[in-house]
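Number of protein chains: 2
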Amino acid sequence: MNKDLKTQIVDLVSPDLEKVEQALEENLSPHLALVKQIASHLLFSGGKRLRPLLFIHAARMCGYKGKDEILLSTIFEFLHAATLLHDDVVDGADMRRGRPAAHTCWPAPQVVLTGDFLLARALDIAAGTKEPRVISVIAQITQEMSQGEIDQLAQKGRKDVTEDQYLDIIERKTAVLIQGACQCGAILAKVSRQKENALKSFGFHLGMAFQMADDLLDYTATAEQLGKNPGADMREGKLTLPLIYSLAKADPEDKKWLENMMADPDVGPDQFKKLQKKLGALNAIAYTRAKARTHVDKAKKNLEIFDAGLSKSVLALIADYAVHRKV
Amino acid sequence: MNKDLKTQIVDLVSPDLEKVEQALEENLSPHLALVKQIASHLLFSGGKRLRPLLFIHAARMCGYKGKDEILLSTIFEFLHAATLLHDDVVDGADMRRGRPAAHTCWPAPQVVLTGDFLLARALDIAAGTKEPRVISVIAQITQEMSQGEIDQLAQKGRKDVTEDQYLDIIERKTAVLIQGACQCGAILAKVSRQKENALKSFGFHLGMAFQMADDLLDYTATAEQLGKNPGADMREGKLTLPLIYSLAKADPEDKKWLENMMADPDVGPDQFKKLQKKLGALNAIAYTRAKARTHVDKAKKNLEIFDAGLSKSVLALIADYAVHRKV
Chain A
29 MNKDLKTQIV DLVSPDLEKV EQALEENLSP HLALVKQIAS HLLFSGGKRL
79 RPLLFIHAAR MCGYKGKDEI LLSTIFEFLH AATLLHDDVV DGADMRRGRP
129 AAHTCWPAPQ VVLTGDFLLA RALDIAAGTK EPRVISVIAQ ITQEMSQGEI
179 DQLAQKGRKD VTEDQYLDII ERKTAVLIQG ACQCGAILAK VSRQKENALK
229 SFGFHLGMAF QMADDLLDYT ATAEQLGKNP GADMREGKLT LPLIYSLAKA
279 DPEDKKWLEN MMADPDVGPD QFKKLQKKLG ALNAIAYTRA KARTHVDKAK
329 KNLEIFDAGL SKSVLALIAD YAVHRKV
Chain B
29 MNKDLKTQIV DLVSPDLEKV EQALEENLSP HLALVKQIAS HLLFSGGKRL
79 RPLLFIHAAR MCGYKGKDEI LLSTIFEFLH AATLLHDDVV DGADMRRGRP
129 AAHTCWPAPQ VVLTGDFLLA RALDIAAGTK EPRVISVIAQ ITQEMSQGEI
179 DQLAQKGRKD VTEDQYLDII ERKTAVLIQG ACQCGAILAK VSRQKENALK
229 SFGFHLGMAF QMADDLLDYT ATAEQLGKNP GADMREGKLT LPLIYSLAKA
279 DPEDKKWLEN MMADPDVGPD QFKKLQKKLG ALNAIAYTRA KARTHVDKAK
329 KNLEIFDAGL SKSVLALIAD YAVHRKV
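Chains A and B are the protein sequences, given in the same order. So for the first sequence, our numbering puts the first residue at 29; every next one is plus one. So for the second sequence, our numbering puts the first residue at 29; every next one is plus one.
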């Protein structure tokens, strides 16, 4: 590999990316200036547009020859943005993508309602497909996601979250939307159920890998890379795989030490470095990375039945990028 | 009229009402017990099921002979409940339908997310119709409603809301959903555009009348009738037609008096009685009632093109009830 993964992907998708940005701008179209302001704050703050790109290339890899894939791809970014707005209010997080979270700039109720608007906007665009299965998949995604969030919230502060419970949460929180984007691309292209299911499975495993890598970055990346302080999950009382695995593997002394760390809302940089070392020593970083890698491999296996081509390459590169990315 | 309106309506709709209740129970179906708890707290607290009944009878008046009208009618109650949950969090209201509002029993984030779930549930059931126009109408309703709420929020505490701005807010906040329920009934029955538009217009005017009557009750009903203290809108800084009209009509002295009253968050029962008298003296109660009555008349005019029958009678009775109801 000569160029790094990100550069390779950007080279392949940049003409689409520009069109996606334009479609997001054009199709946001609220009546109210305030809604546009709040939604734009999040929507145009440097998101990777992962979900729209997955939808576009899933459709094209399945032979879609229509002209609607750019417009329809906005569904998945609007949905994603809606959930981020609600999550930030729910979590009380201060920063998002290196900027102050929306609810620190506007009152929480307005942010919640802007999230509602984006959700409805996504569903309205979906309704425009006149494809009941697309609409149904999207409505189901939304149900799963809201429940995943509630579930995560209910687990907050608990120290006994199991790996299975964690997998359940990240499936609903992240994987169902990515899975849905890939599946809907296939539905749009009207391919066989076999191919649709392959793309659905590709999206599921990619989503799981993506969230695991994200949770890992919260312990391994720098504040500059993340756009927020690392360790945010732990400070919010959110247990993710590195810590869940560590707690399960640790001897009583280490376990006590980890639990004390988790109970301290003001963990300083030096303490956090010690925690990172401990997670490394307990093999938790390597374990999480390996799990994510396994999901990427399963994701890519699903691409085998498709013919080679640019879109297949993009999807495979994105899968690799999911675990190799630094942000 | 021998029997009162409510009894007449209940006599006509009670077999449907039971089925609607059952369908709401059966189709809520979240994975999580907590979601069911929060949603049920509001959903099964004695709502009138106005929106499902309108949908059912709109469809039947248009000659619908299928078997899906009960199931599909839940869409409109789930949507309504979703917005009530979000509104209560947004407004910080303590009581709803004579019970503590959901967010006083559960943390606000869980309530918001349960609202999201109900929204998605409604859209999922809508997707099941495989009728893109139904889905589109519902997605548009949701966009309008979220924006209506934000708009109302932006106006909160302002003393210079005009009657036109008020009409705009109640249209989005209340009328679009009732309009949508009636219109979707027509779409389900696949009637002519003329009849569909007549039902849409019926629903619009009914919704406007309904909200005006609701806003009026906040100044004229007792705490027992309302299930919460009257004057809640004013205390929340929400200007509705009786007060908007009074402020426009009052002489400088009365205007000053009204504004002082509005600025006082702890208006006692005696003061509130004085306010009610003042609104009466300024003709604001009669004006609001007349406006609501005009909308009811316009609503009923739209029914003229339909053949007589039970469903037409139900719709006409509901229209009359909108302005005659005490709660």
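No lab work stands behind these hints: they were computed from the structure. We put the CB at the ideal spot given by N, CA and C, even for glycine. Check each hint, because a few of them may be wrong.
[Said to hold, decoys possible] DSSO-like, lysine-lysine: derived pairs with alpha carbons at most 27 Å apart:
{"id": "1", "chain 1": "A", "residue 1": "Lys158", "chain 2": "B", "residue 2": "Lys158"}
{"id": "2", "chain 1": "B", "residue 1": "Lys64", "chain 2": "A", "residue 2": "Lys184"}
{"id": "3", "chain 1": "B", "residue 1": "Lys218", "chain 2": "B", "residue 2": "Lys64"}
{"id": "4", "chain 1": "B", "residue 1": "Lys158", "chain 2": "A", "residue 2": "Lys223"}
{"id": "5", "chain 1": "A", "residue 1": "Lys158", "chain 2": "B", "residue 2": "Lys326"}
{"id": "6", "chain 1": "B", "residue 1": "Lys95", "chain 2": "A", "residue 2": "Lys95"}
{"id": "7", "chain 1": "A", "residue 1": "Lys64", "chain 2": "B", "residue 2": "Lys218"}
{"id": "8", "chain 1": "B", "residue 1": "Lys95", "chain 2": "B", "residue 2": "Lys326"}
{"id": "9", "chain 1": "B", "residue 1": "Lys158", "chain 2": "A", "residue 2": "Lys93"}
{"id": "10", "chain 1": "B", "residue 1": "Lys223", "chain 2": "A", "residue 2": "Lys158"}
{"id": "11", "chain 1": "B", "residue 1": "Lys95", "chain 2": "A", "residue 2": "Lys64"}
{"id": "12", "chain 1": "A", "residue 1": "Lys201", "chain 2": "B", "residue 2": "Lys64"}
{"id": "13", "chain 1": "A", "residue 1": "Lys218", "chain 2": "B", "residue 2": "Lys158"}
[To be verified] From chain B, some residues computed to sit far from chain A (all C-beta separations above 10 Å):
{"id": "14", "residue": "Lys47"}
{"id": "15", "residue": "Pro160"}
{"id": "16", "residue": "Glu177"}
{"id": "17", "residue": "Gln222"}
{"id": "18", "residue": "Lys340"}
Against the structure, the hints come out as follows:
1. A:Lys158 / B:Lys158: holds, 8 Å
2. B:Lys64 / A:Lys184: Holds, at about 19 Å.
3. B:Lys218 / B:Lys64: At roughly 34 Å apart (the allowed maximum being 27 Å), lysine 64 (chain B) and lysine 218 (chain B) break the hint.
4. B:Lys158 / A:Lys223: This hinted pair holds, its Cα atoms lying about 23 Å apart.
5. A:Lys158 / B:Lys326: violated, 33 Å
6. B:Lys95 / A:Lys95: violated, 37 Å
7. A:Lys64 / B:Lys218: violated, 36 Å
8. B:Lys95 / B:Lys326: Violated, at about 31 Å.
9. B:Lys158 / A:Lys93: Distance of about 24 Å is within 27 Å: holds.
10. B:Lys223 / A:Lys158: Cα-Cα ~23 Å, so holds.
11. B:Lys95 / A:Lys64: violated, 41 Å
12. A:Lys201 / B:Lys64: holds, 19 Å
13. A:Lys218 / B:Lys158: Holds: lysine 218 (chain A) and lysine 158 (chain B) sit about 17 Å apart, inside 27 Å.
14. Lys47: Per Cβ check, lysine 47 (chain B) is outside 10 Å of chain A; nearest 23 Å; holds.
15. Pro160: violated, 4 Å
16. Glu177: For glutamate 177 (chain B), whose nearest Cβ neighbour in chain A is about 5 Å away, the distance does not exceed 10 Å, so it is violated.
17. Gln222: holds, 23 Å
18. Lys340: holds, 30 Å
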